[in-house]
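Generate coordinates for the entire structure from the input sequences, incorporating the hints supplied.
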Amino acid sequence: MKLSARNLFKGRIVGLVKGQTTAHVKVEIAPGVVVTASITNESVDELGLKVGGKAAAVIKASNVMIAVE
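Numbering (our numbering), first residue to last: 343 to 411.
Note that these hints are calculated values from the structure, not bench results.
Remember, predicted model here, so these are calculated numbers, not experimental data.
Heads up, the beta-carbon is just placed ideally off N, CA and C, and yes, glycines get one too.
One or more of the hints may lead you astray.
Pairs of lysine-lysine, DSS-like flavour, derived with a Cα cap of 30 angstroms [unchecked claim]:
(1) LYS360 x LYS402
(2) LYS402 x LYS368
(3) LYS392 x LYS402
(4) LYS352 x LYS392
(5) LYS344 x LYS396
(6) LYS352 x LYS368
(7) LYS368 x LYS344
(8) LYS352 x LYS402
(9) LYS396 x LYS368
(10) LYS392 x LYS344
(11) LYS392 x LYS360
(12) LYS396 x LYS352
(13) LYS344 x LYS360
(14) LYS392 x LYS368
(15) LYS360 x LYS396
(16) LYS402 x LYS344
Computed spacing ranges between beta-carbons, pair by pair [stated by the list, open to error]:
(17) LYS344 x VAL376: 22 to 30 angstroms
(18) GLU411 x GLU384: 35 to 43 angstroms
(19) SER346 x GLU411: 27 to 35 angstroms
(20) LYS344 x GLU411: 36 to 44 angstroms
(21) GLY374 x VAL400: 35 to 43 angstroms
(22) ILE408 x ASN383: 16 to 24 angstroms
Next up, the structure:
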């Protein structure tokens with residue numbers, strides 16, 4: 343697989359909740375560090391995603407904002 347995105351974080355699926363059309367997939371990319379993605383239920387099925395399975399969070403964004411309190 344070749345991607346233009348530079349932010350690829352490999353990990354394990356630690357949560358997967360399907361809604362009516364969209365699923366929330368939680369990928370632990372480091373101990374205690376979880377990235378959550380909203381994807382279609384169809385994509386979950388096509389990719390065969392399951393809790394405990396390997397996955398990568400690929401982040402491609404035109405803007406990243408930083409905030410401090």
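*Taking 30 angstroms as the top limit, are the C-alpha atoms of LYS368 and LYS344 close enough?*
At roughly 23 angstroms apart (the allowed maximum being 30 angstroms), LYS344 and LYS368 satisfy the hint.
*Are the Cα positions of LYS360 and LYS402 separated by 30 angstroms at most?*
Given that 30 angstroms is the threshold and the Cα spacing comes to 23 angstroms, the pair holds.
*Holds or violated: LYS392 with LYS402, Cα cutoff 30 angstroms?*
holds, 23 angstroms
_Hint check: LYS402 vs LYS344, CA-CA at most 30 angstroms. Holds or violated?_
holds, 14 angstroms
*Determine whether the Cβ-Cβ distance between SER346 and GLU411 falls within the hinted range of 27 to 35 angstroms.*
For GLU411 against SER346, whose Cβ atoms are near 34 angstroms apart, the range 27 to 35 angstroms holds.
*Can the restraint linking LYS392 and LYS368 be considered satisfied, given a maximum Cα separation of 30 angstroms?*
Measuring from Cα to Cα gives roughly 11 angstroms; hence the hint holds.
*Has the given pair, LYS392 with LYS360, been kept, meaning a C-alpha gap of at most 30 angstroms?*
Holds, at about 11 angstroms.
*Between LYS360 and LYS396, is the straight-line Cα distance small enough, at 30 angstroms or below?*
OK: LYS360 and LYS396 at ~18 angstroms, within 30 angstroms.
*Satisfaction of hint between LYS396 and LYS344, Cα-Cα up to 30 angstroms*: holds, 18 angstroms
*Just tell me: holds or violated, for the beta carbon distance of LYS344 and GLU411 against 36 to 44 angstroms?*
holds, 39 angstroms
_Can you confirm whether the C-alpha distance between LYS396 and LYS352 stays at or below 30 angstroms?_
holds, 8 angstroms
_Outcome of range test on Cβ distance (LYS344, VAL376; 22 to 30 angstroms)_ = Given about 26 angstroms between the Cβ atoms, the range holds.
In summary, the numbered hints that this structure violates are 21 and 22.
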